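Protein chains: 2
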Amino acid sequence: MKKNVPKNGEVVKNTPHVIRWIEDFRGKVWDRVVTCLTGMRPSGRLHLGHYKWALENWIALQNNPNIKNNFLIADYQVLGDHLWDTERLRASVIDMVIDWLAVGLDPKKSNFVVQSYVPEFAELFNLLTMFTPYSVATNNPTLKDEMKKIENRGEGENSFVSLWFINYPVSQVADIMLPYGEIVPVWEDQIPHIELARKIIKKVNTMYGTDFPLPLAMISETPRLVWTDGSDKMSKSLGNTIYLTATLKEITAWVNSMYTDPGKTNVQAKWNLEKHVVFKYLDIFYKDKAHLEDLKKRYVEWWEHSVGDGEVKKLLIKVLDELIAPIREQREYYKNNMDLVISSIAEWSQNVRNMGQDLLSELKEKMWILDYGREFRR
Amino acid sequence: MKKNVPKNGEVVKNTPHVIRWIEDFRGKVWDRVVTCLTGMRPSGRLHLGHYKWALENWIALQNNPNIKNNFLIADYQVLGDHLWDTERLRASVIDMVIDWLAVGLDPKKSNFVVQSYVPEFAELFNLLTMFTPYSVATNNPTLKDEMKKIENRGEGENSFVSLWFINYPVSQVADIMLPYGEIVPVWEDQIPHIELARKIIKKVNTMYGTDFPLPLAMISETPRLVWTDGSDKMSKSLGNTIYLTATLKEITAWVNSMYTDPGKTNVQAKWNLEKHVVFKYLDIFYKDKAHLEDLKKRYVEWWEHSVGDGEVKKLLIKVLDELIAPIREQREYYKNNMDLVISSIAEWSQNVRNMGQDLLSELKEKMWILDYGREFRR
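Keeping their order, the protein sequence lines are chains S and F.
Following the working numbering, the numbering of the first sequence begins with 1 at its first residue and continues without gaps.
Following the working numbering, the numbering of the second sequence begins with 1 at its first residue and continues without gaps.
These are calculated hints, taken from the structure and not from any lab test.
All figures in this text were calculated on a predicted structure; none of them were measured in a lab.
A few of these clues could be false.
Unchecked claim - Facing chain S, according to a computed beta carbon distance under 10 Å, are these residues of chain F, among others:
1) I73
2) Y286
3) L360
4) E362
To be verified - Computed far set for chain S versus chain F, every beta-carbon distance over 12 Å:
5) P16
6) R20
7) N57
8) N64
9) D85
10) E87
11) W187
12) I191
13) I200
14) L273
15) Y286
16) L295
17) L315
18) D321
19) Q357
20) E375
Note that beta-carbon positions come from the ideal geometry of N, C-alpha and C, so glycine has one too.
Produce the complete structure using the sequences and hints provided.
Encoded structure:
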């Protein structure tokens, strides 16, 4: 197994293990197929934010013939923190897989991997904990932030930090390493996890002469602020998000409830389109940028040919429905053909199980623990 | 799977989860076969101490028709702490298995289990970490003591406490739980580990309505002090220990080097047989207690019919050689028939793999994560 980290991807200054988003690689010639590992926690139905800042990019990754993708359904990541709520997890996994299929992710082109279906993850993780100093494992700034959140969430008995939680960054290293992951799309705050992965894998390689790839973090240009789920400031000011299952009626009601610049009612007020949620969404989802600029201009002018909230809302409804309608239809199709969704979940994971068994055999062989009887056998 | 902790075993006062050694159970009627899990770290050839305070008892356990035994070759326990020395681990595993066979442990009657051959241990361990509060995992007095020892052992880079180390008590819970272990022979200082196991398994049972047995610690009456390996005070004053491979010549040299009471050279001195290593060993290994008492009496009298160091040393040499000679012969036999040792190591572990898969299926079923597609499948 000889895999090297690609050298021709653009790297971010002073952080050679961080590269910018997929656009950087387009048109570049790769001398071989690179392996990508990314995933989602199945925590409920997917919404516009998931689409824009993950799934749309995943489809681009999938369409790149030089990238072999592994999309991880990180059920243990939810379970480890929601043991008392496993029935909901079950529904979330199914919903998430249907959403993935509905947006165009294709298990024939990419590996869909259910984390808990691949016991090799646990086996590798267990081995990797031996290479990880306790002090390094617990000195992760992201981990520390998350620990505080858990302790403060006030769900009584459920607000304890589990041993699983302390382990999960190393468990993520196993998720990346098992399918020989080289590129890992992440948010900026997850870069410490990639640094940990590189540190641990490098130690394995150094100690045992293996050549497992050191992963690169691939970060999005899009600032995380505009993510629309309930977990950050922007999304809170946007109100509820909209699911990829939304009907035209739901989209209409949602857009109509959107906050627009109150300055609009006062001629003297400064126009602040930055606070205008409808334009904010059009910025993100409306592809005709020239038309959008014209609209904005006419919106702030407020006389002849000016446009009002009604018109821009109508446009956003149209734009979002054009995006969501085909997903909604595909979703219906898969809901009526659950066999397509379900019958092969175990099969999808099998690819990564096979890779994992290869990797574990190689690692254990190098560590002298693969087969204690080897040299005595005739 | 319905297994309850036996109620008819004698329990130690105020610690109902601690029972005394196998003798307590002899002759008692059990209404079913009880499962026992015990093991050893493969850290080198076995010596007299291993025989007297572990293997002899294991043979008694094996001969008890009401106990189903699992003997764990805890290679991960060594590996997790000796990554830089895996070649030696390999030799130790083979040596240990030969010693086990040579003393009469029988893989046809008991499960021999190589920890690293059973990936189900890692999978269960990973699940159990979710049930374990971080604070509980790290608040183990034995763990804290051991952490200090590692940090002080001054092997430079190798003296770090690994994340594996923080996890290992929970990993031991998986070792016990996977084969449905009910009785775990341990030293007194390991009782906190059994308490942790009971706590975690109880939590699993409470949350998911499972009925996995809560293990009992079975502790030896024999104080640990007399263990002869290099890790405690007694063994240091005894000098080097003697391996189960020792020849008559080696036994003779070893016994002749033993410290005897210096008071013997002075009529006025108080006889202190407590410090007399030869008698110490005869106490442990010589079965004719009446003869031994007579010898002691005549040793301290020092006139007619008195005995000297030469005579007691000669007796000890005879006693030890009678013990070791058959083991030595059996060892030779297995060394010349390595196929018997080796060809079936993987098979032995398979029994526990099967049990583990049953247990994991049951647990995952109860946790709703066994098969996400189940209800949609025709």
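Hint check:
The interface hint given for F:I73 holds, since its Cβ lies 9 Å from the closest Cβ of chain S, which is under the 10 Å cut-off. A least Cβ separation of about 37 Å between F:Y286 and chain S goes past the 10 Å threshold, and the interface hint is therefore violated. The restraint placing F:L360 at the interface with chain S holds, with a minimum CB-CB distance near 8 Å, inside the 10 Å limit. At its closest, the beta carbon of F:E362 sits 14 Å from a beta carbon of chain S; the interface hint therefore is violated under the 10 Å criterion.
For S:P16, the condition that its CB be more than 12 Å from all CB atoms of chain F holds, with the nearest at approximately 25 Å. Every CB of chain F lies more than 12 Å from the CB of S:R20, the least distance being 32 Å, so the non-interface label holds. Look at S:N57: its CB is around 25 Å from the nearest CB on chain F, clear of 12 Å, so calling it non-interface holds up. In this structure S:N64 is separated from chain F by more than 12 Å, as the shortest Cβ-Cβ distance comes to about 29 Å.
With a cut of 12 Å on Cβ distances, S:D85 falls inside the contact zone with chain F, its closest approach being about 10 Å. With a minimum CB-CB distance of about 6 Å to chain F, S:E87 fails to clear the 12 Å threshold, and the non-interface call is violated. Consistency note on S:W187: stated as away from chain F, and its beta-carbon is indeed over 12 Å from all of that chain's, at 24 Å minimum. No beta-carbon of chain F comes within 12 Å of the beta-carbon of S:I191; the shortest separation is about 20 Å.
Distance check for S:I200 against chain F: the nearest CB is about 10 Å away, which does not clear 12 Å, and the non-interface claim fails. Once the 12 Å rule is applied to beta carbons, S:L273 is consistent with being away from chain F; the minimum gap is 44 Å. Every CB of chain F lies more than 12 Å from the CB of S:Y286, the least distance being 37 Å, so the non-interface label holds. Distance check for S:L295 against chain F: the nearest CB is about 45 Å away, which clears 12 Å, and the non-interface claim stands.
Chain F leaves S:L315 outside its interface by the beta-carbon criterion, the shortest separation being 39 Å against a cut-off of 12 Å. With 12 Å as the threshold on Cβ separation, the claim that S:D321 sits away from chain F holds: the shortest Cβ distance comes to roughly 29 Å. At roughly 10 Å, the least C-beta separation between S:Q357 and chain F is not larger than 12 Å, which violates its mark as non-interface. Its closest Cβ contact with chain F, about 9 Å, brings S:E375 to no more than 12 Å, contrary to its assignment away from the interface.
The structure fails hints 2, 4, 9, 10, 13, 19, 20 (numbered hints given earlier, in ascending order).
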